[in-house]
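The primary structure of each chain is shown beneath.
4 protein chains.
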Amino acid sequence: MNVVSYQPAPEELSYTFGGRPAVGRVRPGTVVELFTEDCFGGRVRGFGDLPSKVCEFPYLNPVTGPFHVEGAEPGDTLALHFISIEPARDWAVSTTFPHFGALTGTHTTAMLQPPLDEVVWLYEVDREKRVVRYQARRGDFAVEMPLDPMHGTVGVAPAASEARMTITPDAHGGNMDTPELRAGVTVYLGVNVDGALFSIGDGHCRQGHGEVCGTAVEAAMNTVVAVDLIKGVTTPWPRLEDDLHIMSTGSARPLEDAYRISQHDLVTWTSSLTGLDELDAYQLVSQGAEAPVGNVCDTNYTMVAKIPKAYLNTPTPYASTHTTLRTLSTHYLTTR
Amino acid sequence: MNVVSYQPAPEELSYTFGGRPAVGRVRPGTVVELFTEDCFGGRVRGFGDLPSKVCEFPYLNPVTGPFHVEGAEPGDTLALHFISIEPARDWAVSTTFPHFGALTGTHTTAMLQPPLDEVVWLYEVDREKRVVRYQARRGDFAVEMPLDPMHGTVGVAPAASEARMTITPDAHGGNMDTPELRAGVTVYLGVNVDGALFSIGDGHCRQGHGEVCGTAVEAAMNTVVAVDLIKGVTTPWPRLEDDLHIMSTGSARPLEDAYRISQHDLVTWTSSLTGLDELDAYQLVSQGAEAPVGNVCDTNYTMVAKIPKAYLNTPTPYASTHTTLRTLSTHYLTTR
Amino acid sequence: MNVVSYQPAPEELSYTFGGRPAVGRVRPGTVVELFTEDCFGGRVRGFGDLPSKVCEFPYLNPVTGPFHVEGAEPGDTLALHFISIEPARDWAVSTTFPHFGALTGTHTTAMLQPPLDEVVWLYEVDREKRVVRYQARRGDFAVEMPLDPMHGTVGVAPAASEARMTITPDAHGGNMDTPELRAGVTVYLGVNVDGALFSIGDGHCRQGHGEVCGTAVEAAMNTVVAVDLIKGVTTPWPRLEDDLHIMSTGSARPLEDAYRISQHDLVTWTSSLTGLDELDAYQLVSQGAEAPVGNVCDTNYTMVAKIPKAYLNTPTPYASTHTTLRTLSTHYLTTR
Amino acid sequence: MNVVSYQPAPEELSYTFGGRPAVGRVRPGTVVELFTEDCFGGRVRGFGDLPSKVCEFPYLNPVTGPFHVEGAEPGDTLALHFISIEPARDWAVSTTFPHFGALTGTHTTAMLQPPLDEVVWLYEVDREKRVVRYQARRGDFAVEMPLDPMHGTVGVAPAASEARMTITPDAHGGNMDTPELRAGVTVYLGVNVDGALFSIGDGHCRQGHGEVCGTAVEAAMNTVVAVDLIKGVTTPWPRLEDDLHIMSTGSARPLEDAYRISQHDLVTWTSSLTGLDELDAYQLVSQGAEAPVGNVCDTNYTMVAKIPKAYLNTPTPYASTHTTLRTLSTHYLTTR
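Protein chains in written order, with the working numbering: chain F, 213 to 548; chain H, 213 to 548; chain S, 213 to 548; chain X, 213 to 548.
What the hints contain is simulated information worked out from the structure, not anything from laboratory work.
Only a predicted model underlies this, so the values are computations on that prediction, with no experimental measurement involved.
C-beta: ideal position from N, C-alpha, C; glycine also.
It is possible that some hints are incorrect.
[What the hints assert, rightly or not] To be clear about the criterion: a stretch of chain S counts as covered by chain F if any three or more of its residues have a C-beta under 8 Å from a C-beta of chain F, and this derived list gives those stretches:
{"#": "1", "region": "316-322"}
{"#": "2", "region": "325-335"}
[Unchecked claim] Calculated pairs, SDA-like style, for lysine to any residue (alpha carbon to alpha carbon, straight line, at most 25 Å):
{"#": "3", "chain 1": "H", "residue 1": "Lys521", "chain 2": "H", "residue 2": "His457"}
{"#": "4", "chain 1": "H", "residue 1": "Lys521", "chain 2": "F", "residue 2": "Pro222"}
{"#": "5", "chain 1": "S", "residue 1": "Lys521", "chain 2": "X", "residue 2": "Phe269"}
{"#": "6", "chain 1": "F", "residue 1": "Lys341", "chain 2": "F", "residue 2": "Pro286"}
{"#": "7", "chain 1": "H", "residue 1": "Lys341", "chain 2": "H", "residue 2": "Pro326"}
{"#": "8", "chain 1": "X", "residue 1": "Lys341", "chain 2": "S", "residue 2": "Asn525"}
{"#": "9", "chain 1": "F", "residue 1": "Lys521", "chain 2": "H", "residue 2": "Lys521"}
{"#": "10", "chain 1": "F", "residue 1": "Lys521", "chain 2": "H", "residue 2": "Ala531"}
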């Protein structure tokens, strides 16, 4: 088993997908242990650390990477299996941010109303008990919610020589902010440039559907990911697979277009996995699929279309890549 | 216990909310046993029964009702607790329909492309085994999926002297098409006219999130609902409550506005239930709420915002109406 | 020439399309002289008359009518030619309104931000000089802009037994708020119920594209309209014609769907008027049509698609109804 | 007068804004004569030259540039005054393109319907008579429409180290596709990187509002542009000025957000030019502004907000840069 560890120095963090050279090279089959900073670059640590003061645009939402995957070429698919995602600190943070979030005017949903107050919330992270503790800023209300770690941002270099801010989700991945991207999940990403150039960041201890206020329970993470490559197979939009489900994603505005992309991909993927006629697949997905919301606050919105593999009579997508990486994951977890 | 049974004659079915007189009167505290036809009026029973041929606009999506609730006035809230929702037949049906559904041009998302093929699927409904059986039209693929009965359409007469087609969801309820509206759930609807005038229809044996092809596993239902009235309490958009969650709905286009309405209502409702400051409630909902998609195919789209009551330290909304109706439900189910 | 005059008493004003009986009957070929109140029911006359205080929901945007047109049946088209639209007073008014308008959160684009200030602006209307005079509320800035009177609201009873608030534009017409609806224009509306039941209201002395703050230069109007009926010809969405252009409208959300409806109708109408293949018509409209924005503030948004008749080699739509009514208009104006 | 001429070799054409070095350097005050290829790279010249066959993604919509403007730094505004835009050939071309355009499903408005036919239309361009000649593909219909040359694409390198395909309009400019960008107009663009790095392309002989079929009357152009720099003045979104109007643009999805951005910018710009309170400016723009549609087919949609300078009591934005460049233009045109 080939294991690589990487801890980025602050100046090594990336703020785009595309447009910069790799920080490292890995071979397919490698397990990568890496550290990711939180979306504020670790600068928001107290109630007075308002993001608009301590963070500087565009140095937001740093990602760790990019990593060059040996042998990856346009037309291939990169598989990233998340072996573990663990909070690196015993605290996490969330905030409102002026003109950001779903229940406020923004720079594109432009309004004349003044922004909402900018407020910081601090969470205790109890890794033993597997909970985070919410504490109201005004009043005594407190409650524990389950720890459910995930990465908001994962992606590769975009097509067409583009470079995109990490905040933006699109066909290359990016800031999809879906709680489905947790440990035990394999992410499939279409490769657009030699080496794929994947990066990972924006850990969340947990997140509601849509990240309605604009930020989740933001945390630095220690994450372990297994890397694989499926040669000669394209993937139009990021896809996910866990032991029981396959999932398609779509990122666009308005939100119904994100829904359409994700459902369209799940229908056509279902058709190719099962041999079903496209309308038969449309019908099956219509009755069997869930549509967990990713984000409704970023520069594109993200929806996920998710169906139990059992409803498809249990296909093995991408030549059983998920199963292979699950085995590698077990091996890693039992031998480290 | 006051129990009323109602089986509509075909000519008694309604096709609007508002604009017609009540078919019956009920007192708060009544249990109503009723029959609802499927969205095709029961006319699609075989592969040749194309809806565009056997159904006639606007006689689509019939509802049973409206019922006048004694004492209900504008400014009150009607509570409907679904005691049971059971398929009335051993089959159900789904179809595509020309220029209807999320992955086709429609009359409003107007396109020059020809419509998709109109196809009928028939489902076996096994009420013992609690499954429906999908069978592909082209090929041998078949699979069972869990039976999860729900009503797509429930609502009251709209405000402002409006009458709306039953197909449209809005602040008065209507065709929200959320799978969350299953047995065990209490629905809260703001009353707009004397007597509230509620109706129920559009039963589904199960439904994916968004009803992407435009129709679910459509079925006639035998449904039992307990009726209650909360005087002097307004409800801006339909809300739901089950034993573990409270839920807000929003129906609008684009889909992000349906999301915004539902999340906004859940934030302000959370604030009033917990005493939390509005921004504190925004933060809590951001990390704790799910957003199950209702429909992305009707004339308005519907989103639901859903949070565990435990995260709110277990409030008792509407003066414990859900608990009261739960008790009534148990009583009904054990004594009938 | 058959001329009818109608001045509604306050209690005769309508607040819906559909759902109420006619205030009068007219034969095709009739010229109707009528008075319309402003959208505030004439209650906003000074800086202190905030609409949220002096107006009562749903008694907003009153229309004059409905009029029963003899012989009109579903499947026909009603033609209304606006002979003249003249401000009835020497003042007009505009306001902001809480949570209404394009640059503020609204009840559907729901936000947590407080509303904008509610402010009233009064305009002098100089009917001789054909200008309105804007005067800033805070400061001395003043400017004259051309008087360009129009009706925001015109429509018939909707299909499917619906009744809709006058504020809503849809396939039946309603509150389209397009500045293209000025004197000299013929409006074509598909008939949904016997007698058509048309109403007119919401006069504007002038309006920018989109009515961005939510209200125009609102004024009571003395309006003269010639009524005609085209038997056996359907009209899917409201259409307009002036001496030089034909226009299609679409009302929906999001705004691109209003655009799609209007352009789709103009393409298919162009095809039927010229005999062009549908893709050839698509190409011609693509290069030749303007898309004046109606409203981006109402419950549906409205777009207009407008092409010079010269680009279509000057067809005569609806059997030259516009020309016929133009002649009637000239006769009326020269003989009154 | 400093005049520079530039004719790009095919391999010098650019397909992104950002991400590549300048092809030349110019000082403020320079007049640049340049050639731009059409959006198909000149490869579509006959009915058989289907874009999907003769063009290769992502080598679409080439632009000429980028040019480094000496002294330009982030925080400045670049002014580009279009002295002339003249078709370089006596023909132009338009097409449909699979899954592109407003009346078809696309890659984001994803649908299961097959694409529309891909068809090429050729236009004669009569530069003397100032017309283009449309000729139907199926049938004899032909018509002349006025020549009204414009550039669909103009922009600078984006902020935040991004590189964007030229097809995308956003805050940096790009493929706005507004017919308002014709000769006699000054475009203002916020500078994001040293040298600004502006490029120009996508000439249209004329275009309808929204470019509904996805392409305009596409043509190579000989264009003359005067370059100026306003130091220390920011511009959030591209703005335009002609002799009689100022204009703001917005590019986003859904279309109402493009509208909101453009109107919001025009309101705040009006406020700063006139000293009007923001709500007073909101009111004035509401009654005085037009909203010509740019595109409703690209990856972002574009709207323009346009108001006569007379309604603002004739301010001189950007320290009369437009007037200065108008004078330079006159000088150039009379002395070349």
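Status of the hints after comparison with the structure:
Counting residues of the region 316-322 of chain S whose beta carbon lies closer than 8 Å to any beta carbon of chain F gives 4, which reaches the threshold of three, so the coverage claim holds. Residue count for the region 325-335 of chain S with a Cβ under 8 Å from a Cβ of chain F: 4. That meets the three needed, and the coverage hint holds. Taken as a hint, the lysine 521 (chain H) and histidine 457 (chain H) pair is honoured in the structure, with Cα atoms around 5 Å apart against an allowance of 25 Å. With a C-alpha separation of about 41 Å, the suggested pair lysine 521 (chain H) and proline 222 (chain F) falls outside the 25 Å cut-off, and the hint is violated.
Under the criterion of a C-alpha separation no larger than 25 Å, the hint pairing lysine 521 (chain S) with phenylalanine 269 (chain X) is inconsistent with the structure, at around 38 Å. For the hint linking lysine 341 (chain F) to proline 286 (chain F), the alpha-carbon distance of about 44 Å lies beyond 25 Å, and the restraint is violated. At most 25 Å may separate the alpha-carbon atoms for a hinted pair to count; lysine 341 (chain H) and proline 326 (chain H) exceed this at roughly 40 Å. A distance of roughly 19 Å separates the Cα atoms of lysine 341 (chain X) and asparagine 525 (chain S); the hinted pair therefore holds under the 25 Å criterion.
Between the alpha carbons of lysine 521 (chain F) and lysine 521 (chain H) the distance comes to roughly 31 Å, so the proposed pair goes past 25 Å and is violated. Restraint check: the Cα-Cα separation between lysine 521 (chain F) and alanine 531 (chain H) comes to about 43 Å, which exceeds 25 Å; the hinted pair is violated.
Checked against the numbered hints above, the structure violates hints 4, 5, 6, 7, 9, 10; every other hint is satisfied.
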